[in-house]
Structures are given as C-alpha cells and as structure tokens.
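Student: Working from the sequences, and respecting the hints, build out all of it.
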Amino acid sequence: MPDPSSGENLSFMFYEASLDSPLELKQIGEASPGKMPGRDMFLLQKDDGRLYGAVTNYDLAQGIEAIIYSGYAPSDFTAHYVNLGIRNLSGASNKSPKKVWAPEFFEDSDGLTYLFSAANDVDDMVDKDGAVIPRHSIYRSKINLDDFNTMETVQVHLKDGKTYIDPHVFYKDGSYHMLIKDEYQKTIDYYQSKDLDNWNLVQEDFISHAVGESIDYTEGQFVMKVKGAYYIFWDKYITTGNFKKNQYVITTRDFKHFSKPRVVTDSKKRILRHGSGIVYEKKPYHLILITRVMGIVVLLIFAVSFLRILTK
521 MPDPSSGENL SFMFYEASLD SPLELKQIGE ASPGKMPGRD MFLLQKDDGR LYGAVTNYDL
581 AQGIEAIIYS GYAPSDFTAH YVNLGIRNLS GASNKSPKKV WAPEFFEDSD GLTYLFSAAN
641 DVDDMVDKDG AVIPRHSIYR SKINLDDFNT METVQVHLKD GKTYIDPHVF YKDGSYHMLI
701 KDEYQKTIDY YQSKDLDNWN LVQEDFISHA VGESIDYTEG QFVMKVKGAY YIFWDKYITT
761 GNFKKNQYVI TTRDFKHFSK PRVVTDSKKR ILRHGSGIVY EKKPYHLILI TRVMGIVVLL
821 IFAVSFLRIL TK
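Under this note's numbering, the first residue of the sequence shown is numbered 521, with each subsequent residue one higher.
Just so you know, these hints were derived from the structure itself, not from any lab. Careful, some of the hints might be misleading.
Using C-beta positions, here's what the derived DEER-type ranges look like [said to hold, decoys possible]: (1) Ala749 x Leu721: 32 to 38 angstroms; (2) Leu721 x Gly549: 26 to 32 angstroms; (3) Thr759 x Ser779: 31 to 37 angstroms; (4) Ser734 x Val783: 16 to 22 angstroms; (5) Gly631 x Val674: 17 to 23 angstroms; (6) Ser552 x Lys692: 45 to 51 angstroms; (7) Ser734 x Ala593: 36 to 42 angstroms.
Under the rule of at most 20 angstroms between Cα atoms (straight-line distance), these lysine to aspartate or glutamate pairs were calculated in the DMTMM-like manner [unchecked claim]: (8) Lys619 x Asp579; (9) Lys706 x Glu724; (10) Lys745 x Asp567; (11) Lys714 x Glu627; (12) Lys789 x Glu544; (13) Lys615 x Glu672.
Glycine included, C-beta positions come from ideal geometry on N, C-alpha and C.
Tutor: Below you can see the structure in the form of structure tokens.
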C-alpha cells in the first residue's frame, strides 16, 4: 500500500515486473479498504495457479483471526475468514491476544502450508524511544487451503527477552531461515532452523550488518529468489541517518556479500510499504482447455513465467 502520508485511500496496490527487470514495477490493480479490507498482504501461489493473499484482520472482536483472499488474479479475489486457533492456545496460558498481526505464508518442500503470525497477547513494555508498546508471541499454524481449516497451531520460541513481530520464513541451502522485526530496537534479526521448531539467532540487526551502516526503524521484510539471486526487501518507515522513508531492496547470492540498497518505487514515485512478492506462473485454471480434435481429447496447458510483486 502507499504510505499513509500520501492520503490515498487504498489498502493494497498490485504490480508486476519482468524477471529481467524485477524492480521496474507496472501497476496492474488496486483495492480500497471497502472492497478488500485488511493490511500487510502476503502472497502464495499453489500448483494449480490459484493465488492466496493472507492479511491482518483489523477487528479481532469479530471472532476472525485472519483473512485469506484467493483467486486466479487479484481482480477476482474472494475473502475467506480464518481462525488459526491462536486465541485458544494463548488462552490456555492465561493470555489474551488483542490482534493477530501480519500472517505470512510458508510452503514447505513436502507441500504443507503454514502461516507465521504475531499476536500481542503478553503485557506491555517500553521500547528504546520510551514509548509503551505491546509484547508479542509468534505462532505457526498449519493450514489446509482447500477448505481454509487450521490443522495445528504452535507457539514459536525465539530468544528470551525479545519481543518480535512480522516473521518472514524462507528455505535456503537445506535450512529454514527467518527475518523478523525486533519491536524494541526497531531492527530486523536473522534466525535459522533445521526443523521449524528450534531457532538459532544468527545475526541481530541483520539489515545494518548487510548494508554496512546503522539503519533502524525497519520492518515489512521479505525475500524473493530471482535467477539465483536473493532480493531482500524492507521498509524504512521513519527517516533517520542516510536513509529516507521508503521501501528498499538489497541483493545477494550467498548472504555474505550484499549489494547497495536501492529504493523500490513505481512510476509515480510513491513511498511503498510492507510488500510481498512471488515468481508467478500464469496458469489461470491450470487446465485451460479440453476439446476434441478428430475424436481425440486434447489437453492444452499453458504456463508463462514472470514476476509479480505486491507492494502495499
């Protein structure tokens, strides 16, 4: 979505770009809060070509913990209202979540689909600026996207004493990797795991480490792999130091050497916020056409790959 300072009444904007020029964004759609409520959409595409977009639901009092939109294109997204079991699990520990934030998909190599999310279900704390902020717990939910039922939800335990939000998980070199925002420091930490259960802190303040200079007030991070390179996106939501408020990206092939940060924007030079992206395969119904030619059933399947980026 555009930064709130723009005054645009939009919940989401949809873009696409070619694999050869993945940062040259072409807007292909947008949605208002009335048409598509929510924020922080995270995209997933399944093998049949269907797209799924998980978003934060504004009002937990409705009894809904997340909204998942689905369809073969954002223009025909349908909303599905999902309970992840977080309130039940949290309540069993005498906690009461106020909201479930920024659910993000992760599809494992075995085809299982998970949502990682944060819930402010602990007491409040004071951050580095002296502001009172909620503490969060991180949850992992195994979900069936055929019927939108949650099969299992567990709490994810990270470093003691930290409060985190915006977990983003990806798979690389035989391990699971997580980039997650430290709400106290306003920076992004980097974890690794072999099993999705036991996470080891690899690097605090990862973006500063990668960029080579201090950069805080960062969030909305996500990673895409395009032609062997990892694109690491994040929001700089308050201007400080050498970095103005914008969405940025760095690239790497080995997570040891990183490019210089580049601003991510569109033709209108919008300040973009909290995005996600997929390498998109265009398979509108997977089985596009079944017809008969000289008495023989012919199955035509078309698949064209290009990059679709969603930036909010």
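Student: Could you tell me which of the hints above the structure violates, numbers in ascending order?
Tutor: 1, 2, 3, 6
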